[in-house]
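Protein chains: 2
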Amino acid sequence: MPDQPTTVTAAVIIIGDEILSGRTKDQNLGFLAEALNEVGVQLRECRVVADVETEIVAAVNELRRRFDYVFTTGGIGPTHDDITADSIGAAFGLKVDYNPAAVAILEGHYAHTGAELNQSRMRMARTPAGAALVENPVSKAPGFRVENVYVMAGIPAICQAMFHSLKHELVGGDPVHSVAIAVHLAEGTLAKGLGALQDKYPDVSMGSYPFYRDGRFGASIVARSQAPDRLAAAADDIRRLMRDLDGEPIEQDG
Amino acid sequence: MPDQPTTVTAAVIIIGDEILSGRTKDQNLGFLAEALNEVGVQLRECRVVADVETEIVAAVNELRRRFDYVFTTGGIGPTHDDITADSIGAAFGLKVDYNPAAVAILEGHYAHTGAELNQSRMRMARTPAGAALVENPVSKAPGFRVENVYVMAGIPAICQAMFHSLKHELVGGDPVHSVAIAVHLAEGTLAKGLGALQDKYPDVSMGSYPFYRDGRFGASIVARSQAPDRLAAAADDIRRLMRDLDGEPIEQDG
Numbered sequence: 001m002p003d004q005p006t007t008v009t010a011a012v013i014i015i016g017d018e019i020l021s022g023r024t025k026d027q028n029l030g031f032l033a034e035a036l037n038e039v040g041v042q043l044r045e046c047r048v049v050a051d052v053e054t055e056i057v058a059a060v061n062e063l064r065r066r067f068d069y070v071f072t073t074g075g076i077g078p079t080h081d082d083i084t085a086d087s088i089g090a091a092f093g094l095k096v097d098y099n100p101a102a103v104a105i106l107e108g109h110y111a112h113t114g115a116e117l118n119q120s121r122m123r124m125a126r127t128p129a130g131a132a133l134v135e136n137p138v139s140k141a142p143g144f145r146v147e148n149v150y151v152m153a154g155i156p157a158i159c160q161a162m163f164h165s166l167k168h169e170l171v172g173g174d175p176v177h178s179v180a181i182a183v184h185l186a187e188g189t190l191a192k193g194l195g196a197l198q199d200k201y202p203d204v205s206m207g208s209y210p211f212y213r214d215g216r217f218g219a220s221i222v223a224r225s226q227a228p229d230r231l232a233a234a235a236d237d238i239r240r241l242m243r244d245l246d247g248e249p250i251e252q253d254g
Numbered sequence: 001m002p003d004q005p006t007t008v009t010a011a012v013i014i015i016g017d018e019i020l021s022g023r024t025k026d027q028n029l030g031f032l033a034e035a036l037n038e039v040g041v042q043l044r045e046c047r048v049v050a051d052v053e054t055e056i057v058a059a060v061n062e063l064r065r066r067f068d069y070v071f072t073t074g075g076i077g078p079t080h081d082d083i084t085a086d087s088i089g090a091a092f093g094l095k096v097d098y099n100p101a102a103v104a105i106l107e108g109h110y111a112h113t114g115a116e117l118n119q120s121r122m123r124m125a126r127t128p129a130g131a132a133l134v135e136n137p138v139s140k141a142p143g144f145r146v147e148n149v150y151v152m153a154g155i156p157a158i159c160q161a162m163f164h165s166l167k168h169e170l171v172g173g174d175p176v177h178s179v180a181i182a183v184h185l186a187e188g189t190l191a192k193g194l195g196a197l198q199d200k201y202p203d204v205s206m207g208s209y210p211f212y213r214d215g216r217f218g219a220s221i222v223a224r225s226q227a228p229d230r231l232a233a234a235a236d237d238i239r240r241l242m243r244d245l246d247g248e249p250i251e252q253d254g
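Keeping their order, the protein sequence lines are chains A and B. Here the working numbering is used: the first residue of the first sequence is 1, the next is one more, and so on. Here the working numbering is used: the first residue of the second sequence is 1, the next is one more, and so on.
Calculated directly from the structure, the hints in this document are not laboratory data. Among the hints, erroneous ones may be present.
Here are some chain B residues pointing at chain A (derived, C-beta under 7 Å) [stated by the list, open to error]: (1) 22; (2) 49; (3) 187.
Covered stretches of chain A, going by a simulated chain B footprint (3 or more residues, C-beta under 8 Å) [to be verified]: (4) 20-28; (5) 47-60; (6) 75-81; (7) 142-151; (8) 191-204; (9) 207-215.
Cut-off 25 Å, straight-line C-alpha distance, at most; resulting in silico cross-link-like pairs (DSS-like, lysine-lysine) [claimed, not checked]: (10) A/192 with B/95; (11) B/95 with B/25; (12) A/95 with A/140; (13) B/140 with B/167; (14) A/192 with B/167; (15) A/192 with A/167; (16) A/140 with B/192; (17) B/192 with A/95; (18) B/25 with A/167; (19) A/25 with B/95; (20) B/25 with A/25.
Yeah, the Cβ is synthetic: ideal placement off N, Cα and C, and Gly gets one too.
Construct the complete structure from the given sequences, taking the supplied hints into account.
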């Protein structure tokens with residue numbers, strides 16, 4: 001028997017009234033889903049919560065116990081609605097105060113830019129006691145980590161930069177490989193055979209995603225597995241099923 | 001004293017491994033956030049969960065008790081990975097079986113198209129006992145409602161069409177009005193005055209969203225309230241604050 005694959009999981013918490021009001025379209029979930037997968041971490045749940053401390057605390061405390069890592073985005077700027085640091089402190093029962101290393105970063109940055117490091121900007125140096133900082137190469141004000149919870153900015157460019165700063169710390173598991181094959185057949189035509197293949201390959205997860213393009217119906221079948229050989233065998237069977245139904249398999253993402 | 005505003009709330013549950021894997025970028029959250037707001041329903045939380053029955057059941061049962069409405073997207077097609085109907089049935093403790101009205105819709109549709117109404121396609125007529133149907137003008141297979149939980153398709157065009165089919169049933173509250181004003185000032189410059197205005201107007205929620213465009217930093221201040229007069233007064237104060245700091249207010253969304 002081969003070794004069981006190692007699975008490392010994560011959840012994302014997007015903190016932001018602006019996403020829930022529809023004013024801003026989230027861009028961080030899609031980025032994090034892909035970027036985590038690349039380092040062997042499987043995103044298993046995402047929550048979008050309002051800028052309300054009790055909601056943030058409840059989400060953090062549930063998800064940090066259920067998953068190996070939790071990543072939050074949003075709410076770490078200088079304004080009154082930036083309450084993530086206090087919420088993370090409350091979730092862990094830790095005092096939140098000025099973090100000397102973060103203060104030093106901000107002092108250096110504002111001395112350089114000439115802008116005033118006022119009390120509002122100093123809010124960005126507050127973290128729960130003992131937090132490790134996450135470098136922000138874009139605008140300097142750092143993110144931070146408490147235990148398995150990483151706290152990042154909401155602005156996509158800064159969130160992405162922070163993730164690249166911290167990803168070397170993550171201990172990933174066996175990566176999930178995937179194969180996507182499209183076909184111009186209706187899902188209802190493929191469904192029976194596909195269900196039988198799912199039963200044949202319990203260690204390969206098969207998803208079917210219908211589409212309608214250029215006046216034709218079709219489905220994209222995505223197979224995912226931590227076992228490359230099983231994935232390859234399942235993909236061959238999926239292509240054979242499509243051809244048996246008079247469909248021509250179209251390989252997706254190269 | 002004016003009457004307290006009526007607030008009606010909702011949560012969205014996006015069911016889909018393909019969103020969590022990063023392969024598909026969700027488009028339904030942004031649509032639903034805006035569309036719900038237009039009918040006086042405030043979206044308060046969104047969860048993206050995997051195609052796993054226990055996860056779906058847990059999310060549905062928590063959120064249907066906390067919010068006035070819950071909307072799910074995804075997992076109602078004909079393939080083995082479409083497990084939403086069974087999961088909703090499990091959440092409510094209801095038997096899931098062929099819904100006669102849904103069967104009639106599918107029979108009419110497939111008689112018309114000439115495609116076979118096979119056992120896989122018949123899966124799309126299964127609902128929890130007593131569910132009310134949600135019309136699908138795009139591809140006919142209906143969504144459904146059990147109590148305060150609406151179940152819709154994941155394909156954006158179908159999700160949107162189903163929402164338009166059901167929205168007349170929703171009983172909204174007082175709408176949330178909003179004003180957005182941008183300025184080429186750093187958040188750290190605005191923060192102190194904005195915090196004071198938030199304290200002055202507790203019934204107006206003020207959010208600050210920094211941006212970096214065309215080589216200049218700025219912030220978009222979004223004020224939201226169910227009380228139009230208070231919102232207008234708060235917006236005037238925000239514009240005055242910006243001018244006092246040598247910033248020119250830029251009105252957003254007309």
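With the threshold set at 25 Å, check whether the alpha-carbon distance from residue 192 of chain A to residue 167 of chain B stays at or below it. Judged against 25 Å, a Cα distance of about 34 Å means the pair is violated.
Under 8 Å between beta-carbons, do enough residues of the segment 207-215 of chain A, three at least, approach chain B for the coverage claim to hold? Our answer is that it holds, as 6 residues pass the Cβ test (under 8 Å) against chain B, meeting three.
Chain B over the segment 47-60 of chain A, status - at least 3 residues with CB closer than 8 Å: holds (count 6)
Could you grab the alpha-carbon distance between residue 140 of chain A and residue 192 of chain B and see if it respects the 25 Å cut-off? holds (20 Å)
Taking 7 Å as the limit, does the beta-carbon of residue 49 of chain B come near enough to a beta-carbon in chain A? Hint holds; residue 49 of chain B Cβ to chain A Cβ min 6 Å, cut 7 Å.
So if I understand the rule, the pair passes when the alpha-carbon distance is 25 Å or less; does residue 95 of chain A with residue 140 of chain A pass? holds (23 Å)
Would the hint on residue 187 of chain B stand, with a C-beta cut-off of 7 Å toward chain A? Holds: closest Cβ of chain A sits about 5 Å from residue 187 of chain B, inside 7 Å.
Is the Cα-Cα distance between residue 140 of chain B and residue 167 of chain B 25 Å or less? Holds, at roughly 18 Å.
Would you say the segment 191-204 of chain A counts as covered by chain B, given the rule of at least 3 residues with C-beta under 8 Å? holds (count 5)
For the pair supplied as a hint, residue 192 of chain A and residue 95 of chain B, is the alpha-carbon distance within the 25 Å limit? Given that 25 Å is the threshold and the Cα spacing comes to 23 Å, the pair holds.
Take the segment 20-28 of chain A, compare each residue's beta carbon with every beta carbon of chain B, and decide whether three or more fall closer than 8 Å. Coverage by chain B holds for the segment 20-28 of chain A (7 residues, Cβ < 8 Å).
Straight-line alpha-carbon gap residue 25 of chain B to residue 167 of chain A, limit 25 Å: Holds - the C-alpha atoms of residue 167 of chain A and residue 25 of chain B are around 22 Å apart, at most 25 Å.
Violated hints, listed in ascending order, are 7, 11, 14, 15 and 19; each of the other numbered hints is respected by the structure.
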